[in-house]
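2 protein chains.
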Amino acid sequence: MKLQNYLALAISLFLFPSLANAQGMTSYQHNLMPVPTSVQFLDGRVVIDKSFRIAVSGHKDGRLEAAVDRFLKRLQGRTVMTFATGVASDLGTSTLVIQCSAPGSNVPSLNEDESYELKSSGTQVRLNAPTVVGAMRGLETVLQLLTSDSEAFYIPAVEIKDQPRFRWRGLLIDIARHYQPPEVLKRNLDAMAAVKLNVLHWHLTEDQGFRVESKKFPKLHQMGSDGQFYTQEQIKEIIDYARQRGIRVVPEFDIPGHATSWLVGHPELGSAPGPYTIERGAGIFEPALDPTREEVYKFLDTFLSEMASLFPDAYMHIGGDENEGKQWDRNPKIQAFMKEKGIKDNHALQAYFNLRLLKILEKNNKKMIGWDEILQPELPTNTVIHSWRGTKALADAARKGYDGILSNGYYIDLSFPAWQHYAMDPLPADSTLTEGEKKHVLGGEATMWAEWVTPETIDSRIWPRTAAIAERLWSPSSVTDVDDMYRRLSVVSVQLEELGLTHKRNADVLLRRLAVSSDVDALKVLISILEPVKEYRRYQQRPATMLSPLTGIVDAVTPDSTAARLFGKLVEGVISDSPRFQTNTAELSTTLTDWRNAEPLLSVLSERSPALSEVKPLAKDLGSFGELGLEALSYLSTGVTPPNGWREAKISVLDEASKPKSSAVEFAVLNSLRKLIFAAAEVQQSKKMSAVEWQKRIADLAAPPKK
Amino acid sequence: MKLQNYLALAISLFLFPSLANAQGMTSYQHNLMPVPTSVQFLDGRVVIDKSFRIAVSGHKDGRLEAAVDRFLKRLQGRTVMTFATGVASDLGTSTLVIQCSAPGSNVPSLNEDESYELKSSGTQVRLNAPTVVGAMRGLETVLQLLTSDSEAFYIPAVEIKDQPRFRWRGLLIDIARHYQPPEVLKRNLDAMAAVKLNVLHWHLTEDQGFRVESKKFPKLHQMGSDGQFYTQEQIKEIIDYARQRGIRVVPEFDIPGHATSWLVGHPELGSAPGPYTIERGAGIFEPALDPTREEVYKFLDTFLSEMASLFPDAYMHIGGDENEGKQWDRNPKIQAFMKEKGIKDNHALQAYFNLRLLKILEKNNKKMIGWDEILQPELPTNTVIHSWRGTKALADAARKGYDGILSNGYYIDLSFPAWQHYAMDPLPADSTLTEGEKKHVLGGEATMWAEWVTPETIDSRIWPRTAAIAERLWSPSSVTDVDDMYRRLSVVSVQLEELGLTHKRNADVLLRRLAVSSDVDALKVLISILEPVKEYRRYQQRPATMLSPLTGIVDAVTPDSTAARLFGKLVEGVISDSPRFQTNTAELSTTLTDWRNAEPLLSVLSERSPALSEVKPLAKDLGSFGELGLEALSYLSTGVTPPNGWREAKISVLDEASKPKSSAVEFAVLNSLRKLIFAAAEVQQSKKMSAVEWQKRIADLAAPPKK
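Protein chains in written order, with our numbering: chain A, 22 to 728; chain B, 22 to 728.
Don't read these hints as lab results, they were simulated from the structure.
Incorrect hints may appear among the rest.
Any copy will do: because identical chains look the same in the list, a pair fits if it lies in one copy or spans two.
Using 27 Å as the maximum straight-line C-alpha spacing, the simulated DSSO-like pairs for lysine-lysine come out as follows [stated by the list, open to error]:
id, residue 1, residue 2
1, Lys257, Lys207
2, Lys240, Lys81
3, Lys94, Lys207
4, Lys236, Lys380
5, Lys459, Lys413
6, Lys236, Lys590
7, Lys637, Lys71
8, Lys421, Lys384
9, Lys237, Lys257
10, Lys94, Lys240
Predicted model only: the values in this text are computed from it and were never measured.
So here's chain A without its partners, still in its complex pose:
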């Protein structure tokens, strides 16, 4: 390994907080994520040394004590210091004093007061919170405030007043398409707590799996899960684990569509006779419950009542999405029923179904939540609309008096970069809702749909991007600086690892498995600028089933390439040096040389096995990028215009590289390379206009082709 990449070190050093500007204290570069409602840094610091103790005044209970224990363990881990355990009795000499007023809800609720205030100065940090959950939120902030220099670990002097902007800040985890064992959920609950998310939306049933034990109808999980389900004991354990962290658990039982796995053991509930087998494909499937038969409601009454007592949350999600009604159309009895009842179409039939469900839920003191589709005229306004359609649908629902949460824009399974999710606000600045209507917008949820994730890869599809969504849902709407978000995100990402999250560590594991070797440096160079294809293109380019291995290059690659983002900054840096093009070139040159040098190594590697064959064309592209980039740099720095046809030839290399591949990955540096090529081709023009004009010209010329 060579160590000449000083840039990376320089960048990472920059991540360390510092008083960037001694005059303005507010310019202190902190790593808080989500950014608090109000934060004011002051002169001074509270040193963290071996004498560190935590005291609690006011309310104290087992949940808070356990939170203090976890806090101490993490602080020990980071500082490599041993502190005394437990809660101290002496307020005066303790480093951190928690003043907690009340326990808050026994079961975390939508209206939990999560606010807290934090003041650090002198030798003490004081954390005041009205509830235990508020105190826990504040403890996470203290951990994010921890910093150090060569002398000491410390908490900077600061005054923080904080509370969430939205009450519902969730993460949906689909454990149906791919099962995730309890420890995966637990570590993700820890990560959620670290970024102040407060709802685990547990997507428990799907065409591809029924994953909750039912004692009333054991055939559901026994026949619908391949043996991969949660026992009720495990469910209670996870709910308690979440409760300990101030996180609600909202279960989803997705009906009437998405119901194949229900029908394997209970075909009598279906709208077609069956038999049914567990679905192995990806997509939208026909099997749906029969909404016209009383036995179905009797079954659902018994089952949902069982689930209602298992899950303490006030809400129950009934899905309701993507039922195309094809089985209904083909079933004469259902058609006859609709005619008889005057139900005009499938939407109305589903509305009828939902109203029946609503009664069951109401009987069990549960509020109903479902996807956009459930919003039908007859639906009472005490239902929550979960919008995959978008802020407009959410606003429309709010105007009608429905509470709603947003997931459109937060589909983390689609491999979009964090900044795109970050830009999506449940209440956009141009919202025309009244203040009263705005209250109906409860928040949002990131959605981890699980067609293509395993316990080995799921963390890297959730984190760190979900932390940006968590910030959007907690912080003031004015917090929108993308560069600063990414700077803080990179710190949070490392901190999440202490909770057991595998989003960073597992990529190497996949590469080593593919290479059957520990030497994967060249592969790491390659994948660092690759991303999985976006939206639903993976399935198109790389058809697979729920039983396929998820161990290919595309699974090692992660969304939102950091290396590509930094490469883009380097290219911008060089171009902005117009018309000299002398500074900022060294690092770019090093990177491009690494790409070029990786190609022959990767080509050899790609011969090792059929599993590595998809590396071959990627390696060729990588090498070409290195070559063309170095050529472009050379033209820029010498001011010599490239020969005729050079630009076209190089652009065609990029165009070729951008074509869909069966590896289902894409290079995340193509736009930056386009800029570099156009800049080289236009190097003469740079002398004829201002730097600003020239940069604009390059940006226009290099604008990516419309798709």
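Place chain B on chain A using the hints.
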């Protein structure tokens, strides 16, 4: 990152099996570990493609089917191919046909027949085994045989007959000093099965923790474990998990010493009045059960009977080690009891205790096993002696008719390299035991004592070195080639990752936490040639308690540095080129340059926090090593003799670097550097003698100083 370290790639390519010599088929370089009893490679290969199926003829049961499922998942993961699931019905068209004769023991037993035969040729692999466990052992061999070229994955044509040399091949995991959650045990059970180990020795109680739920005496786990214990349900689940993999679970309840945690809830069992608290220190402690009181035996009768029905294995380990009897000496009642009964000393008193225990165990149909100390004249020969003392003690016991297992030499917690463990044979070549006596030597156990491991680091302390011990216990005694062992070990180490083992992936996590950054390349260069100090020096150099964080540099560092071993080979390579010193220098120079270049980066890094301050002196050493190594290389390649005092100055740098540090790490390249320095100093001599003589001279001169 630079990619000029072609050496590493060359080495890893070399790991890929190949028919090194087309004439001699036996020279096929396989990656089997443990090496089978008999293996003969032939011409040909059985291609693994999407049509891969497994059929089972003869006996088939749920355990075998589950093993087939796991096999298919791993094969899918490695090949990135989707196979049909389950067991196929057609023997003729299946790629792998398992012929299994019988289920074998329901509970895995010492006398389980673990043998199997494997033949692959044409289009089929045939695996014959007398028992399900034998078939599972064979399935692991098939996975290790899997290889590939650019065309295909395949199993080479081969004939294997295999059976273990020793019946007892164990891994002791101490989950008492540091608790390990069930998933840690499960992944380690998977790893054990992968290298054909067959006993999990579960060290469940210690001064520092009582970690098994007792329904008879709940104060034991409630007061003795900080809430970190296994419920009986979890214990059953882990025993079944092990059984599914043909692994016995032998529980250890270490008494009468090592018993502090028992006495927290039950001080009345102690030899001093108490009260007792859970021990937090490391070492040997005084608290011991009182062997003179009938209530103690009544208690043990009830407790051990409860445990006997929880743990189905035929053996129960009662520890019996390191009881120094200080509490006994000070207790007048115990002294009076000894006088009355004519018990002459504490050893005799412990023998009395053991005989009472034996009766309880016999009543429960359990055979007793305990550490060396339990071997006293009165002990019946149906007891198993577990020897931490060594092969001599084991042989002495065998001569007296006792079965025994060896752990001396297999203490993996002491950070020795794999080759040292590998050299330890329970039945050394010079054993004077008769064939009959040899049968008493049942095998051995690696011991993972857990003073300084957490769930985050434990895998890296067990693996991959324990695979070398597994080979010693399974393979013929003639399998002793250390270089070949290391070559195969590096492949096995990567393969273990697919089972969730974290031994490779977690070092980076620790470094990133320390650096609060993803950029840890320089730290990786540093730790690659560091090892934790050996034997019990860590505690001496870095005092800590069971509650201390294990997140320092020493925890990121792993035993048996691969980089240091390869560095040693490079140095040997250069020296062996005497008197030219021209070849083999490029790679060495690259490595030394990396060290030198890492120093300034590490120095900056070490200023970030007190937790990184221990990096500073290490960085200085690393830089010095790079400098002096490059100087030495320069003298060697030019043939110029270094100036007066150069050698002494450089050797003193090494001597300084070898001094104990509070970081409790040591450089694993000091001996290689000594050779390089002496070689440079003696470069003129190289022209005056044969290469062999000169190398011998350097080896003698550079021999490390006696400690």
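Against the structure, the hints come out as follows:
Taking CA atoms no more than 27 Å apart as the test, Lys257 paired with Lys207 passes in both settings, with 12 Å inside one copy and 22 Å between copies. Proximity of Lys240 and Lys81 under a CA criterion of 27 Å is satisfied inter-copy only: 25 Å between copies versus 44 Å inside one chain copy. Taking the shortest Cα distances, Lys94 and Lys207 sit within 27 Å of each other both inside one copy (17 Å) and across copies (24 Å). Proximity of Lys236 to Lys380 under the C-alpha cut-off of 27 Å is restricted to the intra-copy arrangement: shortest distance 22 Å within a copy versus 44 Å between copies.
When the C-alpha separation of Lys459 and Lys413 is checked against a cutoff of 27 Å, the pair qualifies only within one copy, where the shortest distance is 12 Å, while the shortest distance between copies is 81 Å. For the homomeric pair Lys236 and Lys590, neither the shortest alpha-carbon distance inside one copy (57 Å) nor that between copies (63 Å) is at most 27 Å. Only between protomers do Lys637 and Lys71 lie at most 27 Å apart by alpha-carbon distance; the minimum there is 21 Å, versus 54 Å within a single protomer. Taking the shortest Cα distances, Lys421 and Lys384 sit within 27 Å of each other inside one copy (24 Å), while across copies they are farther apart (75 Å).
Taking identical chains as interchangeable, the C-alpha atoms of Lys237 and Lys257 lie at most 27 Å apart whether they share a chain (17 Å) or sit on different chains (25 Å). For a Cα distance limit of 27 Å, the shortest separation of Lys94 from Lys240 across copies, 25 Å, qualifies, whereas the shortest one inside one copy, 43 Å, does not.
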